[in-house]
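Given the coordinates of chain A, work out where chains B and C should sit on it, guided by the hints.
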Amino acid sequence: MPPGITFGDFYNILPELVLTAGSLVVLIADVLLPRRSGGWLAWITLIVIGATLASLVPFRETRVEVANGLIAVDQFALFFKVVFLGAAALTVLMSVRYLEIEGASPGEYYFLILCATLGMMIMAGGIDLITIFIGLETMAVSFYILAGFIKPNQRSNEAAVKYFLLGAFSLGILLYGMSLMYGLSGTTNLRVMAMTFAGQESDPRLILAVMLVAAGVGFKIAAVPFHMWAPDVYEGAPTPITAFLSVGSTAASFAMLLRIFLEGLPSMKPEWRVLFEGLAIVTMTVGNLAALTQSNLKRMLAYSSIAHAGYVLIGVVAGTPRGVAAMLIYVLVYAFMQLGAFIVIVLMRRQDIVGDELKDFSGLHVRHPFAAFAMLMFMLSLGGIPPTAGFMGKFWLFGAAIDAGYVWLAVIGVLNSAISLYYYIRIVVFMYVKKETAGSEPTMSPALGIALAVAVIATIALGVYPRLLFELAEASARTLGAAAITTAIR
Amino acid sequence: MNHLLSFILFTPLVGALILLLVNSRNEDAIRWIANLVAFVGFVISIPLWFLYNPQNADFQFVERATWIPSIGAEYFLGVDGFSTLLILLTTLSAWTAITERVKEFYIFLLVLQTGMLGAFMSLDFLLFFLFWEVMLVPMYFLIGIWGSDNRLYSAIKFFLYTLVGSVVMLLGILALYFHNHTVSGVYSFDVTLFHKLNLPYNLQWWIFLAFFLGFAIKVPMFPFHTWLPDAHTDAPTAGSVILAAVLLKMGTYGFIRFSLPILPDASRQFVPMIVVLSIIGIVYGALVALAQKDWKRLVAYSSVSHMALVMLGMFALNPVGITGSIFQQLNHGISTGALFLIVGIVYERRHTREISEYGGLSKVMPVYAAVFLIMTLSSIGLPALNGFIGEFLILQGIFVVSKVWAAFAASGVVLGAAYMLYLYQRTMFGKIENPKNERLLDLSHREFATFAPLLVLAVWMGLYPAPFLRRLDSSVQHVIARVSPEYIQKNAAADCAAPAPALAATPTDATVAANGAAAFLATLPCGPDGRPLAASTGPGTTSGTGADIPPSASAGQTGRPGEPR
Amino acid sequence: MVPVGACLGLSAVLFGIGLIGFLSRRNIILMLVSVEIMLNAVNVSLAGFSRQLQDQRGQVLALFVIAVAAAEAAVGLGLVLALSRNRPGVNVEDLTQLKW
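Protein chains in written order, with our numbering: chain A, 43 to 532; chain B, 562 to 1126; chain C, 84 to 183.
Hints are computed from structural coordinates only; laboratory data are not their basis.
Each residue gets a CB set at the ideal place from its N, CA and C atoms; glycine is no exception.
Fair warning: there could be bad hints in the mix.
Claimed, not checked - Simulated pairs of lysine-lysine, DSS-like, Cα-Cα distance not exceeding 30 Å:
no. : chain 1 : residue 1 : chain 2 : residue 2
1   : A       : K311      : A       : K401
2   : A       : K476      : A       : K401
3   : B       : K718      : A       : K476
4   : B       : K854      : B       : K757
5   : B       : K924      : B       : K854
6   : B       : K718      : B       : K854
7   : B       : K718      : A       : K477
8   : B       : K992      : B       : K854
9   : B       : K718      : A       : K401
Said to hold, decoys possible - Partial chain B-side listing against chain A, Cβ under 8 Å, derived:
no. : residue
10  : V725
11  : V729
12  : L732
Chain A on its own, in the form it takes in the complex (with noise of 0.2 Å):
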């Protein structure tokens, strides 16, 4: 065994830390304030939230391996934990009022919320299959108790239940493959293993691992075939939730697949591009058929995030820097857009009206222009339009499939992404054509409203003026590729 853990090693996961203490600081607060004050720990919470983003300035630079290699500090884990704390401040926002009209308490709430973000930004950071694994189950279990959170509701109750077993059964399956991978190679550190598996391709045990691993990951990127669990869980999760788990736990899982896949498993390359290739191409065309029918816009929501997740997947077949990029730069894209659109449902919600039926959006339009022109960009956005932040992201994904020589991967691509349109256009009919019925009027909060801007502004300006996301993306991407090739040479 190497020898122990060093001072520096704590320095280096300061940002982990500080959320940690940060998430027991907002656990205590529950217990101290008064009943009744779920607006303070909101605000406690964001403020533990900026401080962990603060806290992540210092490693802008940073490219170190901390504790003999469990967790990786660099860009790529960077970019995505500003994502993760980005998406977790805007869900904080969108849950005060929702909380409020739920009558749901807040207190473990927020924590549950923090915790999930610090799975998260463990498994971005994670090189080593243990630090995967923990920081995918406090991400994971966070998110069983949030889906099923809003205990009197019986849909909730349901979609907490199916996403648990479904969630507890993916894990099974990453788990063994996970162990297979250990046992062939001797180790549990990715970049040991890229070196050990060097050369041993055509190992059956090997592939076997490698299908199960992709397996698991696929049920949490809700990749089909192991999608079935989503529409579900999102129609039935509390909005706030659905928002964060879409945008959250998608772009950790991403995250943990391109370094479980990329940093681990290079040399078989391309035995799992075939296998992400049927799954991208399936996933898309699957996702967006299905989402073509739905009336609840949280179900389609869902299967539209599951055709998100088929696109991003071409990055992964592409599995060049470029795609790398292509990747993060629409993870952070749709998170702003997803994000979005969810904040829009949460201004629906009423005491007696859920607000994700189609039919509540009837000339919105009317009701509240902002909201209606804010759904309007994110749809737009989710439907890849210019000048949206969407066009930007597919606009690479695509150009990096191209790049790779996926020419007929990108082609599958951009027809889905006009079939997509489709059904992100009903919406906007409903909300700009259709007439007004007795539908909720949209309750504004600030906090909503702040949530709506930021995420509105960000879609158009990462649509119309892009380049420091851009830059920031390749720079990002190139230390996963640089980490793997490093390794490789020592």
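Just chains B and C now, kept in the frame of chain A:
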């Protein structure tokens, strides 16, 4: 005036943002602002006409700034003669199309205008694509919210058709981009750079197909035209006008700006396919138009026929044909735009588009009938009006290539006269049989003012097209240098004599001879033994071979001209 | 000493039992048990590999798996409890509020 193009481009957008802030109940203010913005947009585009230098073969008014440096995308604007004229057409039609509507209508219209202008100005392929796609959404809304009965269906059809075409085109752009990088080591979307690329044939073939899908749907060419009649019929008048006058030109603009010069070999290879599709389009569009009972649908199908003629002229791939093709695009914008305005006026008064509901309108609406007559004649290509010049040049260009094609094209022109005159006869002449038509109001002053610029243009372009043709000169040179040197050498000796008698036989001989197209005829090389065309001193015999064109044209393609910033 | 092959064989059999059990059972509790069997299969194989490789990391991972499995079971049972409070029955066929 370094930023003239940016001013033209963003004036409508700024107007839209201002409108966004105005209370939607304040209808007067909204109408005033919208009209003012559209008018200002037109006025500030006028300097383009005067400041554009036809002698200079480079792109002019160039503006360049970094946009996404890590992938080589730039904010890169510039115009040549062709895009100058299309920009003017855009600002003009946006100005005339503004009618009294609600706030959102204006906003969408102005955003649409920005999209169109941007597409015509962009010399960065990614920027072009951005503007190209931006147009979709406001147009969707214009049709979907303010259209007639079947509007949602028509709107989504328009949207999805165009979208499918353009996303496939995007892949073509990307393929081009990455190929450019492997060849030159530079990441760039610079169109002027692409104009100099010599792509392997195989790649050209695929990229051409991708571009073809995008542009042909927009034109629309024959098998992809089905969205157009629906969209036109259900769109509100302003939408139809913009659609006919400008949006369809996006497709043909794309062919001339991108497909032909970037992919010359593939373009030549695809000539037979495009010619066949165009001929089908010409005849089919005309025949269907002849059978229409719906006024607006008739005009829509006439659009299909006319645009097919434009495509045919373009893919004659000789200077005359392409000049004619561009000129005819302008004509089509003016005359068809005007025809949609004309339908719109009676539709506003009667709320029906059935031709059988009308008849004898010339009795109650004499001014209206006169305007309609001029536009009809312009549309069918009567001499002294603009349509004639375009159709003549196109036919001439095709005739040089193939007499059979020319015969088909001419039949389309004849059919065009048939359906337009038949329409005119049914609606304007005869007795007023429908009592509802008895008290229709003639054109108001405001309405007439809308038509006035179009009428002036129709007559001006018909009688004295030289300023227009002169401006097209360098654009056509550009394209021909890339796409046709071979063609010229091969066919010149055989065919160059043919157009001469046709030219001599026309009554507007002098007009044509004086204009730029005639100059092109002169440069159309005939080889040492060929007879020179027209009565020009042309450089034909000595330096007029295909080989001499590239230098002049490549000067035009340098793309980084030393324009003052 | 038990050969490694036997450990791996046992692990594979357990994993198969768990997999089939999860897919065929319709009682939520039994599905949970099946998942636990799968996780234990993982533990057996990790322990076996660890022994074969003379490397403790596998055992460390196995310990973590045991701990996490316990946490998961606790959360899972809690969720089932919440569900059955609102409505009797612990079969997945009863979960019909959302389209399965």
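- Within a Cα-Cα threshold of 30 Å, do K311 (chain A) and K401 (chain A) meet the stated pairing? With Cα atoms ~46 Å apart, K311 (chain A) and K401 (chain A) exceed 30 Å; violated.
- Message: Just to be careful, I want the Cα atoms of K992 (chain B) and K854 (chain B) compared with a cutoff of 30 Å; is the pair within it?
- Response: holds, 19 Å
- Query: Given the hint that K476 (chain A) pairs with K401 (chain A), does the C-alpha gap stay at or below 30 Å?
  - Reply: Holds: K476 (chain A) and K401 (chain A) sit about 9 Å apart, inside 30 Å.
- Item | Agreement of K718 (chain B) and K401 (chain A) with the hint, judged by alpha carbon distance not exceeding 30 Å | holds, 22 Å
- Query: Is K718 (chain B) close enough to K854 (chain B), meaning Cα to Cα at most 30 Å?
  - Reply: holds, 22 Å
- Query: Given the hinted pair K854 (chain B) and K757 (chain B), is their alpha-carbon gap at most 30 Å?
  - Reply: violated, 49 Å
- Item | Hint status (Cβ of V725 (chain B) to nearest Cβ of chain A, threshold 8 Å) | Holds: closest Cβ of chain A sits about 5 Å from V725 (chain B), inside 8 Å.
- Query: Taking the least C-beta to C-beta distance, is L732 (chain B) closer than 8 Å to chain A?
  - Reply: Result: holds, 5 Å to nearest chain A Cβ.
- Taken at face value, is the distance from the CA of K477 (chain A) to the CA of K718 (chain B) at most 30 Å? Measuring from Cα to Cα gives roughly 21 Å; hence the hint holds.
- Message: Please verify whether K718 (chain B) and K476 (chain A) have alpha carbons no more than 30 Å apart.
- Response: holds, 18 Å
- Task: Have a go at the V729 (chain B) hint: is there a Cβ in chain A nearer than 8 Å to its own Cβ?
- Result: Where the cut-off is 8 Å and the nearest Cβ of chain A is about 6 Å from V729 (chain B), the hint holds.
- Under the criterion that the straight-line Cα-Cα distance not exceed 30 Å, is the pair K924 (chain B), K854 (chain B) satisfied? Since the Cα atoms of K924 (chain B) and K854 (chain B) sit roughly 22 Å apart, the hinted pair holds (cutoff 30 Å).
When the structure is compared with the earlier hints, violations turn up for hints 1, 4 and for no others.
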